[in-house]
Amino acid sequence: MLFNSFSFIGLVLVTMLVYYIPRLSKYQVHTLIISSLIFYSWNNISLVTLLLISAGINILTSYVIGTRKTNNLKLIAWIGVSSNLLLLAFFKYAGLISLTILKDNSISDFLITIPLPIGISFFTFQGISLVVDVYKENHFRNDTIIPKSLKEHAKNILFFISFFPQLVAGPIVKAHDFLPQISIKTFNEINWEKCFREIVLGYFLKIVVADNLKDFTFWIAYPYFQGQDSYSLLTMLFGFSCQIYADFAGYSLIALGIARLFGYNLNDNFKFPYISTSFKEFWKRWHISLSSFLQEYLYIPLGGNRKGEARTYINLMITMALGGLWHGAAWSFAIWGIFHGLALAIERFFTKKSQTKIIPFVKFLKILFVFLMVSVAWLLFKLPEFGHVIEYLKSIAQNFNKNANIILISNILIYSTPVALHHLYYLYITNFEGRIIKRFKFALYGVMLFLIITNSGIPGSFIYFQF
Amino acid sequence: MDSLPNFYNLSLNGQSLFDGLTIVKTKENAPKNVFIEINVIDRGEDSNFREIISSPILNTLKRNLHIFRTDKQPLAYVGSKFVAPFVNVCFKNIIYKVNNKIEYEFPGNRLDNGKKSRTTIFDKMLSIQIDRYSLDVDTSIMNKQFTILKNQVEFLESKGVKVIFFEMPVNNQLIHLNKAIYLRAKVRNDFPNNIFIGIPSNIETYKTSDGVHLTNNESNIYTSFFKKAAITATNK
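From first to last, the protein sequence lines are chains U and C.
Numbered by this note's numbering, the letters in the first sequence go through residues 1 to 467 in order.
Numbered by this note's numbering, the letters in the second sequence go through residues 1 to 236 in order.
Chain C extracted, bound-state conformation (with noise of 0.2 Å):
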C-alpha cells in the first residue's frame, strides 16, 4: 500500500466487504473515510471470520504476541526459513524460467505468446464471468444484503466516517452484462448521497488475468486513477 499512504486495504482475499466492515466497526478510533468497492455486494458476511476477529482472547494474544500470527507460527517459520530453502535447491535445475507467467487480455481476446493451451484457460475464466454475470439478479438476495450495507454505513456516518463507493474495472465484456448495470444502479438508487467513483473511462484497456482481476501492470495504473479521484471525493 505504498502507493496509497494512509489508506489500510481490507479487501483480504475470499472474504466480502462486510468482513471489511466487521474488522472497522472493531477499531476504537474510526477511520475518516471508507471506501466500499461494490463489485461483489453479493457475498456474504464470514461468521467464523466474524467470530475470529471478535474474539476477545485470540485478538489480543494476535496482537500482543507475535507468534499467534499466520506468518510467525512456529511451523510457518520452519517452513519459511528451512522447507522453502530446501525445496527452492530441489526444484533449482528443473524450474524454467518462464516469461510474461500471468497471461494478459488483449482486445480480441489475443495472448501475447500465442500459445493454445494459455489461450484456452483464460478463455474459460472469462466465460464463466460472463456467465456469472449475465444471469437474472436475484433481487430478494441483494436486497437483503443492501439492507444490511445501509444499517452498517447508516452506523459508520453516524461516527463521522465519511463512505464513498466505488467500482473495481473488470473484462470490458462484464461491465455492460446484468450484475454490473444492476449493482451500479442500485448502489446509486439507495445511497444517493454518497460519492460513487465509477470506473475509469478508458476501460477498453484495462487488462485482467481471469475478467475480474487486474494483472500487477494494471494495478499500478488503477492505484494512480483512484489516488485522484479519492483525494477529490475526500475534499467535497
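Looking at chain U on its own, in the form it has when it is part of the complex (with noise of 0.2 Å):
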C-alpha cells in the first residue's frame, strides 16, 4: 500500500477514528496492531506470516531474558538476534550467496525465487535492538518496560515491531525510544501543527519532487545513457541524487508525521545531509536511523575507536561494508558501502593531521566535494553493475560534443530546485534573509499543498522499498 494512495489516507482516517473514541481508548495499540497488520498485507497476505515469526521470536526471547526466566539470559539474547539475522541472511542474501558459492545448479536456482518481504532489512533491525537493549538494560530497566504478563509484552512487541508508519521503509526504531511511549493517547495532545509539517513536506518532495525525478533519471539505464551527452548525464547524475533525498527523506517525514498523529513522536531520519562538509558529517544527516543504529549495535560492540587506530580503521569498514549490504543483496551495494567507509577512514586520518580553521570559500568547496562523490556512488544503486558505473563516468567525459538534451535537463532543474532551496534554507536560516523566509513559512506550505494537488508525478514505489 503505496502513502501516496486513496487506500493508505482511508486506513489512516478510520484508525484514527477508531483510536480516539475515548470507550475504546483501552484498545488503541489493538487498533493499531490490526491496521498495520491491514497495511502489510495490503498487497501479499502471505508475508504476514513472517511478520508474525519475527515477532514471535523477539516476543519470546525478550520476554525471558526481562523476566529473568533463565540464567543462561546471553544464550537466549544470542539466539534472538541469531534468528532475526538469520531471517534476514535467508529472504534476502540467500540468492547472492548462491549465486557467489553455488554457482548455477539447483539450489541456487531455488534460492534466487526466494521473494524479498517488504520492510525485512528495517523489522529484523528493530528485533535486534529490542532484544540487545533488554539484555543491556543500558537504557532503561526491564522491570520498568517488559510487563509481567507475557500476553500484554506480547501485544506490546507486537505493535513495537509493526507499527505501520515505520513498518516498510523505517525510520529504524530502537526500542528503548519506542516502547516507553506505549501509553493511552487522547485527541488533545495531537501536535497538529508538527504533524501538517510534517505530513505536507513529506507528500511534497515524495510525490512532487521524486515521482517528477523518476520520469527523466530513468535514463540511468545500461545501455542508453552512452547515447546521451555529457551535459544531460551530469544533470541526471544531480538529479537522481534529489530524487533518491527527496523519496526517503519525503518517506521519513510522513511516517513521523502518521506516527504523531497517534501520539509517537520517532526521531527524525534525515538532516540536509547535502549541507555536509565531510563524509562523518553526512552520515550524521543522512539516513539519521540506520547510521546510529549501526554506530549502537555493531561499530560500538566491535570496539569501535577504543582498540587502537588500526582496529578503529578496520572497525569502520566493517560497519560500512555492512551497512552497505544492508541496502540491497549485491555486491555493488557493498561497495557502495566500502566506498563511504573508505572515504571515511581518509577523512579520518587527514584530519587528525590537519586542525586548521577552515574559511567560508573552503567549507562551501568541501560540501561540493562530498555532495559530488555522495552523488557518483548513488549511481551503484541505479546501476547494479560496476561496470555500468564505470562507463557512465566514461560516458560524461566523452559525450561532450553530443547536444545537450535541454527538455531532459530544464526538467530536472526545475523539479531539483525545491531540494537546493531546502537545503539553502537551513543553511541560512538565522540570517537576515532566512529570518524573513521564516515569517511567510505559512505561504511556503500553502504553495507545496497546491503543488502536491495539481503537480504529482506518476506513483512510483519508495526507492527503499527494496531495501
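Please keep in mind that the hints were generated in silico from the structure rather than gathered at the bench.
There could be a bad hint or two in this list.
Taking beta-carbon pairs under 8 Å as the criterion, some of the chain U residues facing chain C (in silico) [what the hints assert, rightly or not]:
id: 1; residue: Pro147
id: 2; residue: Ile406
id: 3; residue: Ile407
id: 4; residue: Asn411
id: 5; residue: Leu451
id: 6; residue: Asn455
Derived BS3-like pairs: lysine-lysine, alpha-carbon spacing no greater than 30 Å straight-line [to be verified]:
id: 7; chain 1: C; residue 1: Lys186; chain 2: C; residue 2: Lys27
id: 8; chain 1: C; residue 1: Lys124; chain 2: U; residue 2: Lys394
id: 9; chain 1: U; residue 1: Lys185; chain 2: U; residue 2: Lys280
id: 10; chain 1: U; residue 1: Lys92; chain 2: C; residue 2: Lys144
id: 11; chain 1: C; residue 1: Lys81; chain 2: U; residue 2: Lys402
id: 12; chain 1: C; residue 1: Lys92; chain 2: C; residue 2: Lys72
id: 13; chain 1: U; residue 1: Lys402; chain 2: C; residue 2: Lys207
id: 14; chain 1: U; residue 1: Lys441; chain 2: C; residue 2: Lys81
id: 15; chain 1: C; residue 1: Lys150; chain 2: C; residue 2: Lys27
id: 16; chain 1: C; residue 1: Lys207; chain 2: C; residue 2: Lys186
id: 17; chain 1: U; residue 1: Lys402; chain 2: C; residue 2: Lys124
id: 18; chain 1: C; residue 1: Lys92; chain 2: U; residue 2: Lys394
id: 19; chain 1: C; residue 1: Lys207; chain 2: U; residue 2: Lys394
id: 20; chain 1: U; residue 1: Lys280; chain 2: U; residue 2: Lys92
id: 21; chain 1: U; residue 1: Lys402; chain 2: C; residue 2: Lys27
id: 22; chain 1: U; residue 1: Lys148; chain 2: U; residue 2: Lys74
id: 23; chain 1: C; residue 1: Lys186; chain 2: C; residue 2: Lys144
id: 24; chain 1: C; residue 1: Lys207; chain 2: C; residue 2: Lys27
id: 25; chain 1: U; residue 1: Lys185; chain 2: U; residue 2: Lys148
id: 26; chain 1: C; residue 1: Lys62; chain 2: C; residue 2: Lys32
id: 27; chain 1: U; residue 1: Lys441; chain 2: C; residue 2: Lys150
All C-beta atoms in this analysis are idealised placements derived from N, C-alpha and C, irrespective of residue type, glycine included.
Taking the hints as your guide, dock the two standalone chains into a single complex.
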C-alpha cells in the first residue's frame, strides 16, 4: 500500500476515528496492530506470516530475558539476535550467496526464487534492537518496560515491530526510544502543527519532487545512457541525488507525521545531508536511524575507536561494508558501503593531521566535493553492475560533442530546485534573509499543498522499499 | 497520428498492451477496431497505471481541469516557458550541430559515419536484444498472459469490437529467433479467427536505432504499409 494512495489515506482516517473513541481507548494498541497488519498484507497476505514469526521470536526472547526466566540470558540474547539475522540472511541474501558460491545448480535456482518480503531489513533490525536493549538494560530497567504478563508483552512488541508508519521503509526505531512511549493517547495531545508540516513537506518531496524526477532519471540505464550527452548525464546524476533524497526523506517525514497523529514521536531520519562538509557529517545527517543503529549495535560492540587506530579503521570498514550490504543483496551495495568506509577512513586520517580553521569559501568547496562524491556513489544504486557505473563516468567524459537534451536538463533542474532551496534555507535560517522567509513559512506550505494537488508525478514505489 | 486519421495510439512508452486495453475498457463508446501489437505480450499490466486510469477522482480532474494534465502542471509550465529557454540560451554557444543524431543500421551493421564509438553503442543494444529474443520462452508466463489476453479480446468482441493483431518490424536478425517465432505461432493458434497483419516482406531494408525501435524515416514507411493493411483488414 503506497503512502500516496487513497486506500492508505482511508486506512489512516478510519484508524484515527476508532483510535480516539474514548470508550475504546484501552484498545488503542490493538487498533494500531490491526491496521498495521492490514497495511502490510494489502498486496500479499502471505507475508504477514513472516512478520508474525519475526515478532514471535522477539517477543519470546525479550520476555525470557526481561523477566529473568533463565540464568542463560546471554545465550537467549544470542539466539534472539541470530534468529533475526538468519531470517534476514535467508530471505534477503540467499540468492546472492547462492550465485556467488553455489553458482548454477538446482539449489541456487531455488534460492534465487525466494521473494524479498517488503520491510524485512527494517523490522529485523528493530527486533535486534529490542533483544539487545532488554539484555543490556543500558537505557531502561526491564521491570519498567517488560510487563509480567506475556500476553501484554506480546501485544506491545507486536505493536513495536509492526507499527505501520515505519514498518516498510523506516525510520529504524530503537526499542528504548519507542517502548517507553506506549500508553493511552488523547486527541487533545496531537501536535497538529508539527504533524501538518511533516506530512505536507513529506508528500511534497515524494510526489512532486521524487515522482517527477524519476521520469527523467530513468535514462540512467545501461546501455541507453551511452547515447546521452555529457551535460544531460551530469544533470541526471545531480537529479538522481535529489530524487533519492526527496523519495526517502519524504517517506520518512510522512512516517513521522502519521506516527505523531497517533501520539508517537519518531526521531528525525534526515537533517539536510547535502550541506555536509565531511563524510562524517554526512552520516550524521543521512538515514540517521540506520547510522545510529549501526554505531550503537555494531561499531561500538566491535570496539569502536577504543582498541587503537588500526582496529578503529577496521571497525569502520566492517560497519560501512555491512551497512552497504544492508541496502541490497548485490555486491554493488557492498562496494557502495566500502566506498563510504574508505572516505570516512581517509577523512579521519587527514583530519587528525590537520586541525586548521576553514574559511567559508573552503567550506563551500568541501560541501560541493562531498555532494559530488556521494552523488557518484548513488550510481551504484541505479546501476547495480559496477562496470556500468564506470561506463557512465566514461560517457560523461566522452560525450561532450553531442547535443544537450534541453528538455531533460530543464525538467531535472526545475524539479531539483526545491531540494536545493530546502538545503539553502537551512544554511541561512539564522541570517536576515532566512528570518524573513521564516515569517512567510505558512505561504510556503500553502504553495506546497497546491503543488501536491496539481503537480504530482506518476506514482512510483519508494526507492527504499526494495531494501 | 495525422498519417493515420481516426486512430488513437495507445502504445504508451514503457507500458504494455494490457495498459492500452485498460484505457479502451474505460471508454463509454467502444471503438470499431482495436489493433494489438504482439511484440511485447510478455510485459504485464502496470497496476499503478490502472489505478490512475480507473480512479474516478484523478480521471475526472484531468479530463475537466487541464492544470492536472502532466504538460500543463504548474512546474512543468514554468519549466517549458522559462527554464528551457534559459537553458537553451546557456547552451547555445556550446551545442555542436550534429547531423544524423540517431544511428541508423545497415545491412552488415556498418554505420553511416563510421565512427567507432557509435558502432559500439548500437552493436551493444542489438546484442542485448539478440540475447533476449534467443532465450527459451517461459511458456508458463506466456500462457498466463495469453489467457488474460483472450479474456480481454472476448470482452471487446462481445461489445462489437473487431480485434486485429499485428507484428511490428524489428531488426532482421531478431525475426527468426525463439521469441519472435513463438509469439507469431501462439497468436495464430490462440486467435485463429482474428486477422493477423504480419511483418512487411521487405523487412531486411528496415532500419532501427537499437534493434527494436524504428527510426523516424522507417516509421513513416511502416505507417504507409500499416495503413493499407489496416484498411484491408477492417473491410474483411
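Here's how the hints hold up against the structure:
1. Pro147: For proline 147 (chain U), the interface hint is violated, since the closest Cβ of chain C sits about 42 Å away, which is over 8 Å.
2. Ile406: Because about 5 Å separates isoleucine 406 (chain U) from the closest Cβ in chain C, which is inside the 8 Å limit, the hint holds.
3. Ile407: Holds - the Cβ of isoleucine 407 (chain U) comes within 8 Å of chain C, reaching about 6 Å at its closest.
4. Asn411: For asparagine 411 (chain U), the interface hint holds, since the closest Cβ of chain C sits about 6 Å away, which is under 8 Å.
5. Leu451: Holds, because the Cβ-Cβ distance from leucine 451 (chain U) to chain C comes to roughly 6 Å (cut-off 8 Å).
6. Asn455: holds, 4 Å
7. C:Lys186 - C:Lys27: holds, 29 Å
8. C:Lys124 - U:Lys394: holds, 16 Å
9. U:Lys185 - U:Lys280: Judged against 30 Å, a Cα distance of about 38 Å means the pair is violated.
10. U:Lys92 - C:Lys144: holds, 28 Å
11. C:Lys81 - U:Lys402: holds, 24 Å
12. C:Lys92 - C:Lys72: Roughly 26 Å separates the two Cα atoms, so the pair holds.
13. U:Lys402 - C:Lys207: holds, 22 Å
14. U:Lys441 - C:Lys81: OK: lysine 441 (chain U) and lysine 81 (chain C) at ~27 Å, within 30 Å.
15. C:Lys150 - C:Lys27: holds, 20 Å
16. C:Lys207 - C:Lys186: holds, 26 Å
17. U:Lys402 - C:Lys124: holds, 19 Å
18. C:Lys92 - U:Lys394: holds, 24 Å
19. C:Lys207 - U:Lys394: Within the cut-off at roughly 28 Å; holds.
20. U:Lys280 - U:Lys92: This hinted pair holds, its Cα atoms lying about 28 Å apart.
21. U:Lys402 - C:Lys27: violated, 43 Å
22. U:Lys148 - U:Lys74: Cα-Cα ~20 Å, so holds.
23. C:Lys186 - C:Lys144: holds, 12 Å
24. C:Lys207 - C:Lys27: violated, 36 Å
25. U:Lys185 - U:Lys148: holds, 22 Å
26. C:Lys62 - C:Lys32: holds, 25 Å
27. U:Lys441 - C:Lys150: violated, 55 Å
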